[in-house]
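On the provided structure of chain D, position chain L as indicated by the hints.
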Amino acid sequence: MSEEYFLLGNEACAKGAIRAGCRFFAGYPITPSTEVAEALAKELPKVDGAFVQMEDEIASAGALVGASWSGVKSMTATSGPGISLMQENIGYAFITETPIVIVNVQRGSPSTGQPTMSSQSDMMQVRWGSHGDYEPIALAPSSVQEFFDFTIEAFNLAEKYRCPVFVMSDEAVGHMREKMTIPEEIDVETRQMPKESPEDYLPYKAPENGTSKMPAFGDGYNVAITGLTHDERGYPDTNNPETHTKLVKRLCDKILKNRQDIVSFKEENCDDADLIVVTYGSPYRSAQTAIHQARNEGLKIGSLKINTPWPFPDEELAKIAAQADDLLVLEQNLGQMVHEVERVAKSDANVHLLGKIGGELHKPEEILAKIKEIKGL
Amino acid sequence: MVEEKQSPYLKYLREDRLPHIFCPGCGNGIVMNTFFKALEGTDIDFDNIAMVSGIGCSSRIPGYVKCDSLHTTHGRALPFATGLKVGNPDLDVVVFTGDGDGASIGGNHLIHSARRNINMTVICVNNNIYGMTGGQISPTSPKGSFGTTAPYGSRDEPFDLAKLVAASGASYVSRWTTANPLQLVNSIKKGLNTNGFAFIEVATQCPTYYGRKNKMKTPTAMFQYLKDNSITKRKADKMDPEELKNKIVIGEFVNKSEPEFTDNIRELDEETSKKPYKKRTAYEEL
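Residue numbers (this note's numbering), protein chains in the order written: chain D, 1 to 377; chain L, 1 to 286.
Chain D extracted, bound-state conformation (with noise of 0.2 Å):
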């Protein structure tokens, strides 16, 4: 039987995570995000899980990927300024191929800024902000039941690509009550020990776009991991340009050679578009408002709401903007994603920005307002 709620945005996150399997989370208390440690430091207990309270962020990030290893699967929750602090252990986890998992809920920035309003102001943070190359795989929730939804898929890209995941949710969306369902069925990823025996096994051994199995600490394995640039064995191979080539190469790879794979978007009213309307989380709900006024009007406007901001959904964008005149870009920020847009649409649309700071969401009648400024009406 599925079961319906009505619940807070962060609660639902600490529900997802706990359906995903999730049963280590450390953090920090930081606001927005804070309701989600509450909910899992009463809900973890209750399912042998544990809640570990850290000293501050890096700890929190550093915690999790220790608890990876141990054969657990870990969360943590914070904002902006939390993910500042986790940024050189988030590094870490990607060149140690660790699954975790990481709750952004976006506020004001930058520094301290405005800690109880919304932003999407971190999107281009968790795309390069720990030091060197890497891909990472992000979820934007745009409701409740998308913060269900995606923590628990988050959980999933985790274990599958071996590699630190972002739910990229935000202020609005984390204390926003709505209805949600926890259907009866969901899919879980379970983590696969390796086929070879400790003898035969080679840590990073894995095919050229992909990862290998991960065995937990204690298993047997004796498996060497480290930070260090290292060989298939996991030992440290520093000054080899090869080895480094093909390792980062590698990891970036495993995303980007699957995008098919991870990406996720919800196109409306495309068909017979000439304007589309781009979003992901919030700016979603209000562009809907917007657009069905337009359509009222009579005014071909179409949506475009990406789930999975990292990666970007090049060809499902490309595809888009070379059907449509006018790409309207949504987003609580002064013009982050607006950039890929650009970069993937190239001269075959124009590319436009609604860009809003401040902590509110966009209003309909703004949105509606931009629409027939493009348009010339």
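What the hints contain is simulated information worked out from the structure, not anything from laboratory work. Hints may be right or wrong, so weigh each one.
Said to hold, decoys possible - Cβ-to-Cβ under 8 Å is the rule here; a few derived chain D residues that face chain L:
hint	residue
1	G21
2	P45
3	V47
4	G49
5	E55
6	I58
7	G66
8	E88
9	F217
By construction, the Cβ of each residue, glycine as well, lies at the ideal position given by its N, Cα and C atoms.
Chain L only, in chain D's frame:
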């Protein structure tokens, strides 16, 4: 022909990773030897050991040992080790760190791990200097000692790590030098058998950087310095602080039984779920 003597502990090492990167005369070899000897004096199964370290010379030790090891980011060994131990409390977690890694960049994690009294053995190899980066002063460099970042002598007060960790709540704390291998073996053994946070500080020689910068160019000169400047805790307790300036107080500082962090989590789980604790796992659908 001279017969080559093999270490009885070679069996614990990844021989395919040798030769190691440590300088001639480095104290890391002595610390590794005492660790293996201590381990053999306990009931701990070597295969159940998980070693964690940060960044620095001593943090390279776990990578040479044939067990599961996590060579983490600078200063963060303890948070990673915390995740590992909480995730699977059955693992025997051993952390190797140094004075820069453990007490400077990782200082906050050190006091919080001790406060939680989480069951792990931390061996802090204290050479009073940053070796890996070439001889900068550390938070344990004695006042007046020289380093590349203290060309006129350090004017900073050093940390007393053993006292710091003791005050933070650890179950077991001791300090020895590499010139006290027998006491060190005994202490590491006690640490491994402690159900709580065990911190063993080892004052060690770095002839390459500390020695060269401080008129003790040879390992023997540094060894002599460690011997001449160490005072047992029993004697030190009767001396006044002025006399103890820049001295190394050796001995056991804490050995007590206190509630342990992962035991507390297990108890909470059992009380809340009203069922016996079941191992956490990512390998099964829960």
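Which constraints among the numbered hints does this structure fail? Numbers only, ascending. none
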